[in-house]
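Using the hints provided, position chain W relative to the given structure of chain Y.
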Amino acid sequence: MSSKRRLCNSRKMDDAIEGVADAIIAEFSRKKEMDFAFIGIQQRGVPFARRLIEKITRKTGFKPQFAMLDTSMYRDDIGMRATLPVIRETDIPFDMNDQAVILTDDVLSSGRTIRAALDAITCYGRPSLIRLAVVVDRGNREFPIRADYAGMKIIPEEGKKILVEFKETDGSDGIYEIDWSNPTKGE
Amino acid sequence: MEVNWTRKDLLSLYDLDPEEIVLILDTAEEFKKVSERNLKKVPALRGKTVVNFFVEPSTRTRVSFELAEQRLSADIINMTASSSSLQKGETLLDTARNIEALQADLIVMRHSCAGAQNFIAKNISSGVINAGDGAHGHPTQALLDLFTIRQKKGRIAGLNVSIVGDILHSRVARSDIWGLIKLGANVTIAGPSTLVPRDFEQIGVRVCHNLKDAMEGADVINLLRIQHERQRAGFFPSTNEYARFFGLNKENAKYLNPDAMIMHPGPINRDVELDSALADGPQSVILEQVTNGLAVRMAVLFLVSGCLKK
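Quick note, the sequences are listed as chains Y and W, same order. According to the working numbering, the first sequence is numbered sequentially starting from 1. According to the working numbering, the second sequence is numbered sequentially starting from 1001.
This is chain Y alone, in the form it adopts within the complex (with noise of 0.2 angstroms):
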């Protein structure tokens, strides 16, 4: 049987979502002027992006604008995988030329994931800058790549996993450690 360990409750995650969002904000404060966009990467990115969005604008009154991407396009392991990825929507409403943008997800792993992103942004333009923030950086990278924000560094027990939950999109708030062998959460 999988077992499935909560780690946060929905306040120290919010909490943790609070710091990013803090470490956001002290970045692009010392700069000319306050501008940046989010990009959330689907699935859990997207949630985690909106509530980003929610507190910077509450603290400082700029309201970054939002986007939605998925990867599965520009993953390197299609066919390699034990199931395909579902695709979900993509929607970049503005012109990310030049533009400074935050991509979101909600667990740094290998870095897979994120190698893709960058590789499908590129499709769509040349932003000025790219930041990644993450709620949970879980070491295991295999790229190199890195979160230049991480609500909270968690490396979990061999043979499991980080999962982080949205009321958004799983109903509820929290963090947990999962089987590995759980083939359609987490990571």
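Derived from the structure by calculation, the hints contain no laboratory data. Predicted model only: the values in this text are computed from it and were never measured. Incorrect hints may appear among the rest.
Here are the computed lysine-lysine pairs in the DSSO-like style, where the Cα-Cα straight-line distance is at most 30 angstroms [unchecked claim]:
hint : chain 1 : residue 1 : chain 2 : residue 2
1    : Y       : K4        : Y       : K161
2    : W       : K1254     : W       : K1152
3    : W       : K1033     : Y       : K167
4    : Y       : K153      : Y       : K167
5    : W       : K1033     : Y       : K63
6    : W       : K1182     : W       : K1122
Relative to chain Y, chain W alone:
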């Protein structure tokens, strides 16, 4: 519930569950956006080799598949019957095995014999996509029709869809019928009794031999190309008579709902099965079908290529 695609081949819509058909349509929505961007290419099939093996001639389907493959970054080889060793007496299976031996990942195949693709798919490890087999099936045409209907009407279930023309010889009609029935549409077929067999009633299709009956209450009317050789074979007396009784024109279009969609798989015989002004009019979605065909074929190539055993 989330559905996973697990098939290395796409041979017929008859084989698919409704959820699998919906998955293809949903996937195509995202691939359609790729063609609307400045950079109309994604690396999804990078390193994959696709052979377009058209034993029966085709222009629009082949071009649509070829462009779909290019937009997915696949490497492409085009083969026709005249350029293959079939001319020298090689069997179809031997030709297909030779393609497989060249490490081709996918074969997009058209053949004049119904079931040719099923036979090949069973015998080789490469994926096989049916681009038309005899009068049996043309699944990607039906998928693009379903996609276009869903895009315009927002749904398929409960819609009244009429298909008019030479149903007997039409692989498009057969695939459309299976796809529409699986997604819950009410299907009517109409045309001369020689070309519209009553047998279709057994699978829940309404059969009529009168265009007006097929038009009344229809949300969608799909007019099939009438082939002149059928007239020569005696299925109907003359093209003019066919146009008079089964051609959609300005006069009889009054029986059609004002918001009914007019579809045609192309190429059109203007003023035979469809009046020229109606083909170019606001109810016509014929060119959108062509655009959507590209998206649907990209989706099918993507899904099937993800299930090849390596």
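Hints versus structure:
no., hint, result
1, Y/K4 / Y/K161, "holds, 10 angstroms"
2, W/K1254 / W/K1152, "holds, 21 angstroms"
3, W/K1033 / Y/K167, "holds, 28 angstroms"
4, Y/K153 / Y/K167, "holds, 21 angstroms"
5, W/K1033 / Y/K63, "holds, 26 angstroms"
6, W/K1182 / W/K1122, "holds, 25 angstroms"
Hint compliance for this structure: every hint is met.
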